[in-house]
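Asks: Line by line, the protein sequences give chains A and B.
The first sequence begins at 1 in my numbering and counts up one residue at a time.
The second sequence begins at 1001 in my numbering and counts up one residue at a time.
Rather than coming from a laboratory, the hints here were simulated on the basis of the structure.
Bear in mind that the values here come from a model prediction, so they are computed numbers and not experimental data.
Misleading hints may appear alongside valid ones.
[Stated by the list, open to error] With a cut-off of at most 25 Å between alpha-carbon atoms, the simulated BS3-like pairs for lysine-lysine come out as follows:
1. K1036(B) to K1052(B)
2. K1067(B) to K1044(B)
3. K3(A) to K1044(B)
4. K1019(B) to K1040(B)
5. K1040(B) to K1009(B)
6. K1071(B) to K1019(B)
7. K17(A) to K57(A)
8. K1040(B) to K3(A)
9. K1019(B) to K1036(B)
10. K1041(B) to K1009(B)
11. K1022(B) to K1009(B)
12. K3(A) to K1041(B)
13. K1044(B) to K71(A)
14. K71(A) to K59(A)
15. K71(A) to K1041(B)
16. K1009(B) to K1071(B)
17. K1036(B) to K3(A)
18. K1019(B) to K1067(B)
[Stated by the list, open to error] Some chain A residues flagged as far from chain B (calculated, every beta-carbon gap over 10 Å):
19. I13
20. G16
21. E60
22. R61
23. T69
24. V111
All C-beta atoms in this analysis are idealised placements derived from N, C-alpha and C, irrespective of residue type, glycine included.
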Amino acid sequence: SQKIEQNSEALNIQEGKTATLTCNYTNYSPAYLQWYRQDPGRGPVFLLLIRENEKEKRKERLKVTFDTTLKQSLFHITASQPADSATYLCAHPASGGSYIPTFGRGTSLIVHP
Amino acid sequence: DTAVSQTPKYLVTQMGNDKSIKCEQNLGHDTMYWYKQDSKKFLKIMFSYNNKELIINETVPNRFSPKSPDKAHLNLHINSLELGDSAVYFCASSQEHLGGEQYFGPGTRLTVT
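Excised from the complex, chain B in its bound form (with noise of 0.2 Å):
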């Protein structure tokens, strides 16, 4: 069974358009993250939520926008996309909040033409 699981795996989109990312985790976890991975491998934190609660909002644009119906789920909702969105998005979850270990989903590449 997949404990972190993304989809789309692939997403390609023109600029301007809205587009969603899901994520869900079986592991029971209470904490979920959203990544992004860029072209030169940097894994920077986007979103971490607790429960359902937003804790960490790295300075990401208003554009995206986290939601979390329940804690096995964060969702990621992308708006007015732009060429300098496409990178691969990656969920995560851990046990501990903020802190353990972490599991990764496999990714979803994103490209903006």
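The following block holds chain A by itself, in its conformation from the complex (with noise of 0.2 Å):
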């Protein structure tokens, strides 16, 4: 079956360093892909979409890739601020047709000052 995959482990990092998190799936090409943030207690919010035939995608200090071989995306955030911190979530839609949106548990990301 189709799985999408993030680091359940908490990412802590100092401020002004570079956070990458990391979106992995299987058994599925997906069309593309989304990330969004969500804070605690706030619905997610959506920062970008990625799809098969881009590699990258930027939006400000946001840079996402995508690697169809590797069945992988990357979430980047340079310049990384204490504002940045909340877990940040992985979708794809769902094979077959469906396009059924799929989610990641998210991976939370900590930022120190």
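Two chains, two separate frames, one set of hints: put the complex together.
Replies: Structure below.
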């Protein structure tokens, strides 16, 4: 069955460093991947979408890559700030033409001042 | 202005009761969703409506019944509440049908005692 996996352990980094989060998927080749940010007690907020024919996408300090060979997407936050601390969710449409949105469990990022 | 709103924010009720959660979006989107986020933080889709028509029903018990009076509203009614229904329920909407970025509401934390 299809799986979308994110590192369940929290990522702790120092302010100013680059945070890199990983999303792996198996048994499927999604047409695109999305990344969302979720703060405690709030709904997810869309950040970036990358399609299978795109290697990289950028938005301000955010960068997403999509490696269809490794079946992996990397999410980078450069010059990280304590305000970037949140849970980051990866999502893709399920296979079979249904495009049912499927979310990973998310990775918690903690940026220390 | 709030893009996707849900009421109530918190809902505490006893087993066996019937309750409803309301959702409204003012983005002009055609597609709306209901998600359940359990204690392990998995965000799982329950239903999707496109232009008031049910598109996705993801093996959700019959006790859950969505209703879309118009394309800006998608309500969730739950009959005979059980302990396992305790979770955070998110409403979301998207411009594209089952694709593209989704806009989430703030969530409704349901606690069944």
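Asks: Please go over all the hints and tell whether each is borne out by the structure.
Replies: Hint by hint, here is what the structure shows:
Simply put, K1036(B) and K1052(B) have alpha-carbon atoms about 20 Å apart, close enough for the 25 Å limit, and the pair holds. A hinted pair counts as satisfied when its Cα atoms are at most 25 Å apart, and K1067(B) with K1044(B) qualifies at roughly 19 Å. For the suggested pair K3(A) and K1044(B), the alpha carbons sit about 13 Å apart, so the restraint of at most 25 Å is met. With a C-alpha separation of about 23 Å, the suggested pair K1019(B) and K1040(B) falls inside the 25 Å cut-off, and the hint holds.
A C-alpha spacing of about 20 Å is found between K1040(B) and K1009(B), which places the hinted pair at or below 25 Å, so the restraint holds. A hinted pair counts as satisfied when its Cα atoms are at most 25 Å apart, and K1071(B) with K1019(B) qualifies at roughly 22 Å. About 20 Å separates the Cα atoms of K17(A) and K57(A), which keeps this hinted pair within 25 Å; it holds. With a C-alpha separation of about 16 Å, the suggested pair K1040(B) and K3(A) falls inside the 25 Å cut-off, and the hint holds.
About 15 Å separates the Cα atoms of K1019(B) and K1036(B), which keeps this hinted pair within 25 Å; it holds. The suggested pairing of K1041(B) with K1009(B) holds, with an alpha-carbon distance near 18 Å, which does not exceed 25 Å. Of the pairs offered as hints, the one joining K1022(B) and K1009(B) holds, with about 10 Å between alpha carbons and a cut-off of 25 Å not exceeded. The straight-line distance between the Cα atoms of K3(A) and K1041(B) is roughly 16 Å, inside the 25 Å bound, and the hint therefore holds.
With a CA separation close to 22 Å, the supplied pair K1044(B) and K71(A) stays within the 25 Å bound. Annotation: proposed proximity of K71(A) to K59(A) holds, straight-line Cα distance about 22 Å (limit 25 Å). Between the alpha carbons of K71(A) and K1041(B) the distance comes to roughly 23 Å, so the proposed pair stays at or under 25 Å and holds. As the CA atoms of K1009(B) and K1071(B) are separated by approximately 22 Å, the hinted pair is consistent with the 25 Å bound.
For the suggested pair K1036(B) and K3(A), the alpha carbons sit about 18 Å apart, so the restraint of at most 25 Å is met. Distance check on the hinted pair: K1019(B) and K1067(B) sit about 13 Å apart at the alpha-carbon level, within 25 Å; holds. With a closest Cβ-Cβ approach of about 21 Å to chain B, I13(A) is found to remain outside the 10 Å limit, as its non-interface label requires. For G16(A), the condition that its CB be more than 10 Å from all CB atoms of chain B holds, with the nearest at approximately 28 Å.
The beta carbon of E60(A) is kept farther than 10 Å from every beta carbon of chain B, the shortest such distance being approximately 16 Å. The claim that R61(A) lies off the interface holds: its Cβ sits roughly 19 Å from the closest Cβ of chain B, which is beyond the 10 Å cut-off. Listed as outside the interface, T69(A) is consistent with that label: its C-beta sits roughly 24 Å from the nearest C-beta of chain B, beyond the 10 Å cut-off. Remark: the non-interface label on V111(A) is consistent with the geometry, its nearest Cβ contact in chain B lying 19 Å away (cut-off 10 Å).
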